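What follows is the residue order along each chain.
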Amino acid sequence: MDLHVGPDLANDAERAAVERVIAAVGPSVVTVGERLTLGGPHRAAARRHLLLPALHALQQAAGWVSPGALNLLADALGVPPAEAYGVASFYDLFALERPANPTVVRVCDDIACRLFGTAAIDAVLTDAGLDDATRHPSPCLGVCDHGGGALVQRVGEATTCLRVAAGAATPVVEAGPLLARARGVHPTSLDAYRSTGGYGALAVAMERGADAVIEAVTASGLRGRGGAAFPTGVKWRAVADQHGRARHVVANADESEPGTFKDRTIMEEDPFALVESLTIAGFAVGAAKGWIYVRGDYPRAQDRVGAALAAARAASLLGHDVAGSGWSFDIELRSGAGAYICGEETALLNSIEGYRGEPRNKPPFPTTHGLFGLPTLVNNVETLVNVPHVLLAGPDAYRAVGTTESSGTRLFCLSGHVARPGLYELPFGVTLGALIERAGGVRDARPLQAVLLGGAAGTFVRGDRLDIELSFEGARAAGVSLGSGVVMLFDDTVDLTDTLARMARFFRDESCGQCVPCRVGTQRVVEWLQAPTADAALLDDLDAVLRDASICGLGQTATSALRSAQRAGLRIRGGAS
Amino acid sequence: MFGAGGGTSSYVDAEETDLVLLWGSNAREAHPIFFHHVLKGLRRGARLWCIDPRRTSSAAWADAWLGLNVGSDIALANAVGREIIHAGLQHREFIARATEGFEAYAAAVEPYTLARAEQITGVPGHAIRELAHAYATAPTAQLCWTLGITEHHNAVDNVLALINLALLTGHVGRPGSGVAPLRGQNNVQGGGDMGAIPDRFSGFQPVADDTVRRRFEASWGVPLSTVPGRHLSRMFEAMEEGELRALYVIGENPADSEADGTRARRLLEGLDVLVVQDVMLTRTAELADVVLPAAAAWAETEGTVTNSERRVQRVRRAVSPPGAARDDLDVIVDLAGRLGADWGTVTAVSAWEELRTLSPVHAGMSYDRIEASGGLQWPCPTDDHPGSRLLHERLWCDPVEGGRAPFSPTEWVPPFDELTDDYPLRLTTGRTLDSYNTGVQTGAYDPPIRRGRALDLAPVDAARLGVAEGERVRVSSRRGSIEMTVAVRGELPEGLAFTTFHFADDADVNVLTVDAWDPKSGTSEFKATAIRVDKLTGAH
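Protein sequence lines, in the order shown, are assigned to chains L and D. Just so we're aligned: 20 in our numbering is position 20 of the first sequence, and the numbers increase by one with no gaps anywhere. Just so we're aligned: 1168 in our numbering is position 168 of the second sequence, and the numbers increase by one with no gaps anywhere.
These are computed hints drawn from the structure, not numbers from a lab. It is possible that some hints are incorrect.
[Claimed, not checked] Negatives, chain D to chain L, calculated, CB over 10 Å:
1. Ser1057
2. Val1123
3. Asn1253
4. Gly1443
[To be verified] With a cut-off of at most 30 Å between alpha-carbon atoms, the simulated DSS-like pairs for lysine-lysine come out as follows:
5. Lys289(L) / Lys1040(D)
6. Lys362(L) / Lys289(L)
7. Lys362(L) / Lys1040(D)
[Claimed, not checked] Some chain L residues close to chain D (C-beta under 10 Å, calculated; not the full set):
8. Met1
9. Val5
10. Val32
11. Gly33
Values in this document were obtained by computation on a predicted structure and should not be read as measured data. For each residue, glycine too, the CB sits at the ideal point set by N, CA and C.
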C-alpha cells in the first residue's frame, strides 16, 4: 500500500508497547525470508482495531503519543499515518505534544461537581501528593454521587480516578434486583457471584434455546436504558434473523452523559452480571464475539470487568466451550479514551474498529451493518443486566413491576443538591417527588429551584413539578426525557446560567465536528449565552439547524436543556434571559 | 488467447473477482488505470497475489508476494499446475468438455515438484502450494500479466504456461474469471487490432487465409502478398544481413528502446534511407534522412483508441497541431499519392467505415454507437450487438461452440544471458509511475515523484561491492558498459539489480540488454541481463 511515514523514530519503550499490543497477530506486513512477503489491505484491515489499544499503550508508556511512535504504529498496522493521527487526535486522553509534567490530573468541573467547588477534591489531590501535577478541567467523570473527582494519568502507570471521600463505595441507597449484589457481595469473586444466583440465567437460556430467550425478552417489555427506549426484544430478533452472517454483541459501557453513574456502579459492584448478560445476548442472537466498550475515564470499572472476564474464561464460561455447551464465545474489553460521542452506538463501533469515533449515517442500522460491517447487537449495560432477571423470574413476573409501557425497575442517578446523592433502583412509575423524598429531599432543606432530568441532553423542570411520573409514558406526557436516569437537583442559590454555559461548552467540546451545523452551531450557542442581550430569533435558528441537520443525537439535543429551561421560565441572566 | 489477440475479461471483472493474480506486472506503476480497478476489487474483498522478482509497489498491496528468480516463471507455473492436479483441485468438468491435451499437460508438469520449483525459482515450496490452492479454490480469479512475462526469449511459452493454469481451473470466459495481458498505452490494443502485426490483417485475420485475403484484395483492388511481414527483431536481423535498406518508422523510438542499443543504432545509421514520423524529435529521428512531424493522436486528431478491455472509444481533435505537424492519416495518404496510389479523400470516419466492412469483430461499431455508448467492446459483429464483456464464453456452452481450448505443455529453460563469476548479477528493467518507456512523452516534464535513472541494488550486494547510495559505478554486460548511479533498495532480493529505461540520455541501459528474442513473438529478453558492477577508480 502507498504508505509514507515520516522520519521520526520511536524509542525502545514505545516500540515495546506497540509490540505487546500486536504480539498475538503480528504486524500488517510480514517478511518470510527474502522471497515471500505477506501483507496487503486485508491483513491491515484485520489489525486496524488494534489502533486504539495501541494508542492507550503508548500514552501510558510515554505520557504522550509521539510522532515517532505514531509512525511506528501506522507502519505496524498498515494504517495511513494521517489517519492514525486523525484517530489519536480525536480523543482527549491522548496527548500529542510532549507533556511538561509526568503527571496530568483532570479535575471534573461539570454541572454537578461545580456546584460544590473544588476544595474537597483539592484536599484529596494534596493527600495523594499530586499538587505539582498539571491540571486540566474535565467533563463529567461519572462520580457525581461523590461530589467531586479527578482522573490521574501518570507516565508508566495505569490511569486512576480519585474521588471525594476517596475509596468509598458508590452510595447505593435503594437497591432492587439489579443492585442486589451491589452492597456486600465481593465484586471480583466468581464464587460469590454464583452463590448468589449468578450464571443461573445462562443455564436457563441454554436449556430453553435462543428463540425462547428472545421471546422472553420481547414478552418482558424490556426497553433500552441508554436513552432511546427501543424495545430490546425487537433488536435482538433483528440481529438473530441475519442468518448466514457472523454477528457481534456489544455492551455500550461508554457512560458519559453528565450526571450519570449507573453503569459504572454496576461494573464496579457487580461486573459478572454484565459478563453473564452479554454472554446470554451472544447466545440468543448467535454471535461468536462480544465486546465491552468501557469509557476511558472508568479505570476501576475496567479493572473489575477485566478481572471478571478472566475469571469467566478460566471457569470455561467464556471460550471455545461455554459452560460445556460446545458453543464458542468470547468477550473483548475495550477502553474509550475520553470522547462523549463514542456513547453514540455507531460512533462506538467506529471507535472499536480503529477509526475516529464519528457517528455513521443511519440506516443501515447496526442490526444489519454494525461492527466490521456485520450484524451487531448494541445494548446499554443497564439494559443487559435486566435480562437475567427476565429469564429467572419469567417475563410475566418481570412485567408485573413498573407501569404498562415501562416494565421493571429503573436506576436513577441522584446528584446535585440532594440530601443523599447516590444510585436508586425503583420501579418505573415512581413520581419525581417520591424519588426525591427517598433521597432525603433537598440538601439543607433549601427551596428546590429546578431538576435536570436525563443529563445534559435532557430537560429542566421547575422545582415544583414533583408530580411527574418517572416512566417512558409519564415522561412523554410531561414533555421531558428520562435519558440515562439522571435526576440532578438545583436549589435556589444556583446560577443556572452558569450551568447552561457549562453544558454549552460541553457540547461544543464534545462535538465530533463531522456535521457542520453541530460543529459551528454548538459554538454559536456558547456565544449566544455570553451575549449581553438575548436574540431570540438567533437561538430559534440555531435550535432548528442543530436538530434538523445533525446526523446524531449530540447535535440534535444540544439545545434541549436550554430550551426546556426557557420553557420552564427558570431564572437565566444575560443573553439567555 | 486461443487465437484472439485480446484479454478475455473487462475492467469490471477485476472489480468483481475473488482473486487477482498479478504475474510479472507492476501494474500499480505501469498500468495505473487498470490498477484502480484492481483496488476496487480489493476493497470488495478480492485477494491479490503478486509474482515478481522485485517486491514492487504493486506487491505492497498484495496478500502475498512471491519473489521468483528472473526467468523462472514456467517452472513456477508448472509447479502450481502440478500441485493443483495432485490436490485434485482442477476443474474436471471444464477440462473434459472445453479443453484438449490435458493428459499431455499433466505429464509435462509432473517433474515440477514443489522442491524442484523452489530450487529453480527461489520461492519457498509452501508458498507455491498456497498460491496453487488459492487460485484453484477461488470462486473467480483474474490472471494478469505484462512485460515480466513477455520480455523474455521464451515469451510465448511463458504466456502459454499461464494460460494452462486458467484452463486447468476454468478461470476463463466467465464474469470475474479470465486472463488479461495488460496494455501499456491507451491504444496498444488498437494498434494490433488494426493489423499492425506482421501476419495479420485488421481484426486479427490471418494474412495466410485465402478467404480473408481475397476479401481485402477485393476491397482495395490490388493483389496482396501471402508472405507475412517482419516483426521488429526480424527487421533488425534483415538490416544486419543487408536485406532491409529502407525503414519508415511511425511513432516508435528503436534507437533507445531496442535491446543491445549499440547494435541497433549502428544498424539504423547504416540504412540507405530512414524516415521517421513522430510527435517529438526522438533519438531515432535524429538519425533520420527525413523527419515528418506528426500530430499527437490525443487531442490533435480525430479517430478511435482501443484499450486493454477491447473497448473502442472516440478521440476528438481539441486543438490544432503545432507548426508543420500533420495528422498521421494525412501524411500516409499523401505519401501514397506521391507513390502513385490515389486514395482520394480519407478521413478518420471513412477509414473506420472501411474497417467495418473488412473486420467482422468491428462490423457493428458505428461512430454513432461508439459515441452513444461511451465505447464498445469487440467482438461486436452487428449493429444491434451490445459488444462483448468477455471472450471465450463459448467454452462454457454445452457442447462447446467452436474448437476446444488446447493445453500447451511448456518446459522451463533458463534466461539466455547466463550468470557467471564475471557477470554475477541479474539486471532486470521496468517502468516507474512518472515516466513512459523511452521518455519521448514524459522526459520533458520533471514530476516531483520521479526518482529514476539509478541502478537499484539489493543492500547485501551493495555492501559486498563496497558501494554506497549515490555512488557512480561502471555497469557492464557482455555487450557494453555504462556508468550509473547506485540506489540501495530493500525491495530487491540478493543478486537482483533493477533500472528503468526511461532516461537513455543519462543512462543508456539498452547498451547492456541482450537482443536474444522469442522466435514466436519477436520480443527481446529485456528482463534478464547478466551484469557486473565495478567501483570507479581514479579520476572521473
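These are the hints, each one checked on the structure:
{"no.": "1", "hint": "Ser1057", "in the structure": "7 Å, violated"}
{"no.": "2", "hint": "Val1123", "in the structure": "5 Å, violated"}
{"no.": "3", "hint": "Asn1253", "in the structure": "30 Å, holds"}
{"no.": "4", "hint": "Gly1443", "in the structure": "24 Å, holds"}
{"no.": "5", "hint": "Lys289(L) / Lys1040(D)", "in the structure": "29 Å, holds"}
{"no.": "6", "hint": "Lys362(L) / Lys289(L)", "in the structure": "23 Å, holds"}
{"no.": "7", "hint": "Lys362(L) / Lys1040(D)", "in the structure": "24 Å, holds"}
{"no.": "8", "hint": "Met1", "in the structure": "5 Å, holds"}
{"no.": "9", "hint": "Val5", "in the structure": "13 Å, violated"}
{"no.": "10", "hint": "Val32", "in the structure": "7 Å, holds"}
{"no.": "11", "hint": "Gly33", "in the structure": "6 Å, holds"}
The structure shown violates the earlier hints numbered 1, 2, 9.
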